[in-house]
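Student: With the hints as constraints, model all of the structure from the sequences given.
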Amino acid sequence: MEVTRIIHPIGQGAFYTERICSKDQIYNVVYDCGSGINKNAPKRLIQEIASVFTSNDVVDILFVSHFDNDHINGIRELKKRVKEIRNIVVPLVEKNDYWFYCVENQNFIAFYDSLEEIASHVYRVKPNINDERELNNQLIDLTEREGGIINGGAKFKWATIDWCYIPFNYDQKVRLEKLKAELAGQGVPVDIFTQDLSTIWGYLDKIKKAYKKVIPDGANKTSLIVYSGGLTSRYIMRQYQYCMRPRFCCEFCRHPFLRPEGCLYFGDNDVNQGLLLADLKNALNQVIDRIGTIQIPHHGALKNFNVGIFDINKNQKSFFVSFGIHNTYGHPSMRVIDDVVRSGSCLFEVTENRGSGYMQLIY
1 MEVTRIIHPI
11 GQGAFYTERI
21 CSKDQIYNVV
31 YDCGSGINKN
41 APKRLIQEIA
51 SVFTSNDVVD
61 ILFVSHFDND
71 HINGIRELKK
81 RVKEIRNIVV
91 PLVEKNDYWF
101 YCVENQNFIA
111 FYDSLEEIAS
121 HVYRVKPNIN
131 DERELNNQLI
141 DLTEREGGII
151 NGGAKFKWAT
161 IDWCYIPFNY
171 DQKVRLEKLK
181 AELAGQGVPV
191 DIFTQDLSTI
201 WGYLDKIKKA
211 YKKVIPDGAN
221 KTSLIVYSGG
231 LTSRYIMRQY
241 QYCMRPRFCC
251 EFCRHPFLRP
261 EGCLYFGDND
271 VNQGLLLADL
281 KNALNQVIDR
291 IGTIQIPHHG
301 ALKNFNVGIF
311 DINKNQKSFF
321 VSFGIHNTYG
331 HPSMRVIDDV
341 VRSGSCLFEV
351 TENRGSGYMQ
361 LIY
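For the sequence shown, the UniProt record's numbering gives the first residue as 1, with consecutive numbering after it.
Since the hints were made in silico from the structure, they are not lab data. Where hints are given, some of them may not hold.
Cβ-Cβ distance ranges computed for the label pairs, FRET-style [claimed, not checked]:
1) Lys83 - Asn40: 21 to 27 Å
2) Lys208 - Arg234: 47 to 53 Å
3) Asp162 - Gly187: 56 to 62 Å
4) Asn353 - Arg234: 30 to 36 Å
5) Met334 - Tyr240: 24 to 30 Å
6) Asn151 - Arg335: 32 to 38 Å
7) Lys281 - Tyr363: 49 to 55 Å
8) Gly355 - Asp311: 29 to 35 Å
9) Trp201 - Glu144: 43 to 49 Å
10) Glu177 - Asn151: 16 to 22 Å
11) Met1 - Gln286: 16 to 22 Å
12) Gly274 - Ala184: 38 to 44 Å
13) Ser55 - Arg234: 35 to 41 Å
14) Tyr98 - Ala184: 16 to 22 Å
Straight line, CA to CA, 25 Å or less: simulated DMTMM-like cross-link-like pairs of lysine to aspartate or glutamate [what the hints assert, rightly or not]:
15) Lys157 - Glu84
16) Lys23 - Glu116
17) Lys39 - Asp162
Even glycine gets a Cβ: it sits at the ideal position worked out from N, Cα and C.
Tutor: Shown next as structure tokens:
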């Protein structure tokens, strides 16, 4: 079995692909597909999608970390380019909570309600809460492809290969309840979001004020975290791209070596919230030592970062961060870069420059 993992150079967004080849079987997996701030996919992302997929290809799993445009605005383009998207995996959002996301992304409802049009089977991942914050032994055989609501920590895999995907949805109900309480304190009716648009519009200023007070960084700072890696076998990983370490480290960066092959995709998560890192280590306990590569959350934003991320796996040595060269957010934070490099880890910066793409070959 061979796996090609690519962190695509599309700028301020995320488009990560894995291609698994096993005998006569090929499986394609995508984590997020978006770039920029607009509703539609920018040219650079469209080019990158076309460079990796043909009309004969099937996307076996599409993971959507959250619903910001810079993570989803290329999905329609992806669907047009391939033969089929078989499975899509997203965080579960209850209908009563739709408004929570619409404050930030007016396209949310149209996207979330059309998931069945995007993929043949839809999996919605419940938040990991309370006693559920431990390894979930549920196994989802992708040859059956049933879809539905699942618990975080379930393993997605094919019966014929030693590779799996484990999504983890950190609970944000606490923040949501705080927001509801703040709205009530400002005199906004409890059932406001079940009313017609004209009624909601009358309370819009109060809604925005409460929203910014309780959730200054936005609803989507909670994202679907996904582990990708083996279960039993050990692999050799070869990785390509220039890194920020001294020139003599090229042997580390460019030649095959025995390293953990697993990858942890963080999306735009704020790893400072609650007990996220501790909960994550518990939930992924049986595979934690296989994690060799970690995505720096939220394009390297300082507020979303915590040095505790280095303790997920002490043997883990590779980080990558996706960002746009001309972004107006100051991503990535120089302090985050300093922390990663000082930890002795290898840092890969992936921008819209084509030469910055980061590839791993695993076999």
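Student: Work down the list of hints and note, for each, if the structure agrees.
Tutor: Quick rundown of the hints versus the structure:
1. Lys83 - Asn40: 21 to 27 Å: holds (22 Å)
2. Lys208 - Arg234: 47 to 53 Å: Roughly 52 Å apart at Cβ, these two residues keep to the hinted range, so it holds.
3. Asp162 - Gly187: 56 to 62 Å: holds (57 Å)
4. Asn353 - Arg234: 30 to 36 Å: holds (34 Å)
5. Met334 - Tyr240: 24 to 30 Å: holds (25 Å)
6. Asn151 - Arg335: 32 to 38 Å: holds (36 Å)
7. Lys281 - Tyr363: 49 to 55 Å: violated (28 Å)
8. Gly355 - Asp311: 29 to 35 Å: holds (32 Å)
9. Trp201 - Glu144: 43 to 49 Å: Given a distance of about 45 Å, which is inside 43 to 49 Å, the answer is holds.
10. Glu177 - Asn151: 16 to 22 Å: holds (21 Å)
11. Met1 - Gln286: 16 to 22 Å: holds (20 Å)
12. Gly274 - Ala184: 38 to 44 Å: violated (23 Å)
13. Ser55 - Arg234: 35 to 41 Å: holds (36 Å)
14. Tyr98 - Ala184: 16 to 22 Å: holds (19 Å)
15. Lys157 - Glu84: holds (18 Å)
16. Lys23 - Glu116: Given that 25 Å is the threshold and the Cα spacing comes to 31 Å, the pair is violated.
17. Lys39 - Asp162: Not satisfied, since the Cα-Cα distance of roughly 37 Å exceeds 25 Å.
Figure legend: structure checked against the earlier numbered hints; hints not met, in rising order: 7, 12, 16 and 17.
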